[in-house]
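Visitor: The lines below spell out each chain.
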Amino acid sequence: MIRLASTARAALAAALLTAFAFVLIGPLANLALWSVAERWYTPYKLPVSYGTRYWEQVFRPSGDAMASLGTSVWIAVLTVIVALALSIPAGYALARLKLPMRSLFMVMFLLPQAFPSVAIYINVARTFYQLGINGTVFAVVLVHAAHGLVYSVWIAAAAFAAVDKDLELAARNIGASPMRTFATVTLPLAMPGIIASGIFVFLESLDEFTGTFFVGVPQVITLPLLLYNAAMGGNYQVASITALILLVPSVLFMLFIERFLRADVLAKVGA
Amino acid sequence: MLSQRQLALVLIAPGLFLVAALFLYPLVFSLISAFTRPDGSFTLEWFAKAYELYSGDIVFTIVIVLASCVLTAVAAIVIAGTLTLGENPWIVGTLKALYRWPLFIPFIVAAQCMRTFLAKNGLMNNTFVSLGLMEPLSAISFLDWRGIIATFVWKQTPFVALLLAGALASIDRATLEAGRNLGASRARVMLELALPQVMPTLLVALVLSFVTMLSVLSVPMMVAGSQPTMLTVDMAFRINAYGDYATANALGVITYLISAGAAIIYLKRGMNQEATS
Amino acid sequence: MRILTIACSIAALMAASPLSAQTLNVATAGDQNMVDYVKDYLGPMFEKSHPGVKVVSVGTGPGDSGSQKIYEKLDAQKAGNATDFDVVVIHQKAAGTMVKEGLLAKYTDKVDTSKMVSSESAKNSLGSDVSGFVIPMFQSQTALAYNADLLKTPPNTFAELKDWAAKNPKQFGYNGIKGGMSGVAFVTGWVYAFGGDSDKLIKGPYDPAVKASWDKALGELKDFNKNVIITPGNAGTLDMLNRGEIAIGPVWVDMFYSWQADGKLPPNMKLKLAAPGMPGQPMYYAVPEKTANRKLAEEFIALATSPQVQADGIVKKFNWYPGIDAKNLEGKLDQAAWNKLFTDITPADLSSKGKSFPIAPYFNDILESYEKKVAN
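Chains as they are written, first to last, in the UniProt record's numbering: chain A, 1 to 271; chain B, 1 to 277; chain C, 1 to 376.
Just so you know, these hints were derived from the structure itself, not from any lab.
A virtual CB, placed ideally from N, CA and C, is assigned to each residue, including glycine.
One or more of the hints may lead you astray.
With a cut-off of at most 27 Å between alpha-carbon atoms, the simulated DSS-like pairs for lysine-lysine come out as follows [claimed, not checked]: (1) C:LYS152 with B:LYS120; (2) A:LYS45 with C:LYS152; (3) B:LYS268 with A:LYS98; (4) C:LYS327 with C:LYS203; (5) C:LYS115 with C:LYS48; (6) C:LYS372 with B:LYS49.
On the chain B side, residues computed to face chain C include the following (Cβ under 10 Å) [what the hints assert, rightly or not]: (7) GLN112; (8) LYS120; (9) PRO220; (10) MET221; (11) ALA224; (12) VAL233; (13) PHE237.
All chains should be modelled from the sequences, with the hints used to inform the complete structure.
Guide: Here's what the structure looks like:
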């Protein structure tokens, strides 16, 4: 009887997992199919003919896809560094220190995500032109960092808030300085959350289009510029391929960071 | 020696400066444009116009985003809960390998995937028909509000689930084990023991999702027809069709108030908890 | 320490010198294929005849929003000495605005090919005088695309279409007015058909009272909308035609041919220009007032609008209607390529039913009346 029930449970779980996989993989399979579809139209349910014509088009010598990908990744990495450098102190202050008008500060970091961006970026571009930094990687990184900062600050604040205060007190009691306590106890414990925030900053930067256009183009050209055109115009093949290319650095970044997490940080969590 | 307050301000200042320079300062121009006539005098007429033309879309936007948040939260709790409390390593492993993928797909690509996936003769319905689960004639298109919600949930669930699973991994396992040993079901352990401890993380993730969804243009533009539609589409339309930045900025202010509302509700809650604890 | 490293890398980035060779930046408001056209076809050709020059092609997204981005970028640079873009490819609405605000240079007298353009649209862009500022890259047209398997006899007029849609609910689809210009063109065609004197809307002068006379037409459009599908965008209409979810819908002719060439439309799709007609518009080549490479920009446009390039690039490669007058292409093109342009829509159709968009104030009135009376 118990056996039957557990078999039924396993079957149910497997069915749910299959349904979940379909919901998740279906749209992605669609993407993969389009990337190799040369002809696909009604009444056919699958592509009429397959081929690599569009892959060749994206990777043609004059296409600049790989160069733009390099620029995109470089910008995304710098953005993560800038955002984390700003958000670790800010997150700590928001989570642990007495701050007047704390909510107001929190909402302020949320602003760049919340307000529709085009009107803002025109004015940012205007300022940057005056400063003479428009069209540099630096300018693009600043804009991306301001945009991604909400992820890193909010998540870092949450991560610091979750760190057990008793552990910090214990470290202080055995004579560690505040700085040392922060570096050896608080920061490592908050690290998983902070690293997760880094992933989101990275992804945000990698996908960003509008800001890059206003402060980077034509000197700085990233992959989403290509993606945006192709996707808005309904050029499914090129857009799918570009999206698949963008997937590579995102997944690598994630894997890299996870390895780092496991080896280093999680070990300390238990210790 | 700095007081704690001063130290806090010093620590937060660099980040704040970046936001102020790249955001607040340009935002002032948008606010001015939303509240003034071309001659510079104060007016609310752009808000009146925004309300007259887009009141329906304002409600539509709020409903879509709230519904998406609720569904995202449910899906994320199920996923993160299974990852934390699941006992079948095979299921946990598969789930872990799968659930994150939409995270890496930009919104604009997600929108495009969904447009061809959820359509009446799209890949989803075609699969169902081929498997015999559905009659061809009963196929319907989901390219309307349902498509927008589906895309948002699909894209945002991994984000919320990732944060939630991270938070769940760091809470004390002993309480959860104890709950299990006392005979509570996994669902009960999750909802009554684990979830309250990670509520702040869930709320942070949801507020961020809420705000992100509110500002996405490509999904409502590409997944659903434009009547009714979300405010981002209306804003883009005001600018592209009429060069009317004033009304677009007024709509922007309305969007901002909606997201600030969500953020403040969350922060209020957080402060109340601090006060009671 | 960390801060220092960041500061160093930032300093290094800022010091990175700008491109040393001479660069011609071409910004295109259009689909990827238009951006690639400059990148792969015009660019290399121009680089060959101008050693040491590099052509950089950037896309700003299709439709009026793409043109608006170019406008916004130039506007942001108004205070500076030189603009980032040297040649821009833009739509009519933005061209009018940009000329009015002094962002474009008067250049066509320096470019000989401008004499090969006699069309009205090269002088007048939705009621704004743009003569001297623009040369058309190509001319585009909206039309109804239909699946000849599902629909043997397509409606000849808007009135027939109205009846047909009532009998065949959910078989006609268009993208409203917020999803792109093909839907806007359909609504404009509707107003031309049922709203009175279309010539007055196209030629002006503007009379704010006229919009009241569209009430009946827009009321009928609201009823019509109950029987149709509102598609997500220009591409959304083509998408639904691709999957056979709708049988007929308004599209841009240039997009239609691109999609067909990409294998995204059934081979039996055809085009129909229903009476009294639907609007079309050109894409313009223009030069920003403050470009640092004015001479190069002019030479680039001269090349792009030369008869041979128009014949090979615009007509043969993409099936687009040429920007310069067709008679200049004689002898540059084989008859088959020329005929393919007019398979479904004959030159006679095009001259009688290919309309312009209305002048800007009427245009805005149509859109806003639609928002008030049809959509809301």
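Visitor: Are any of the numbered hints broken by this structure? If so, which, sorted upward?
Guide: none
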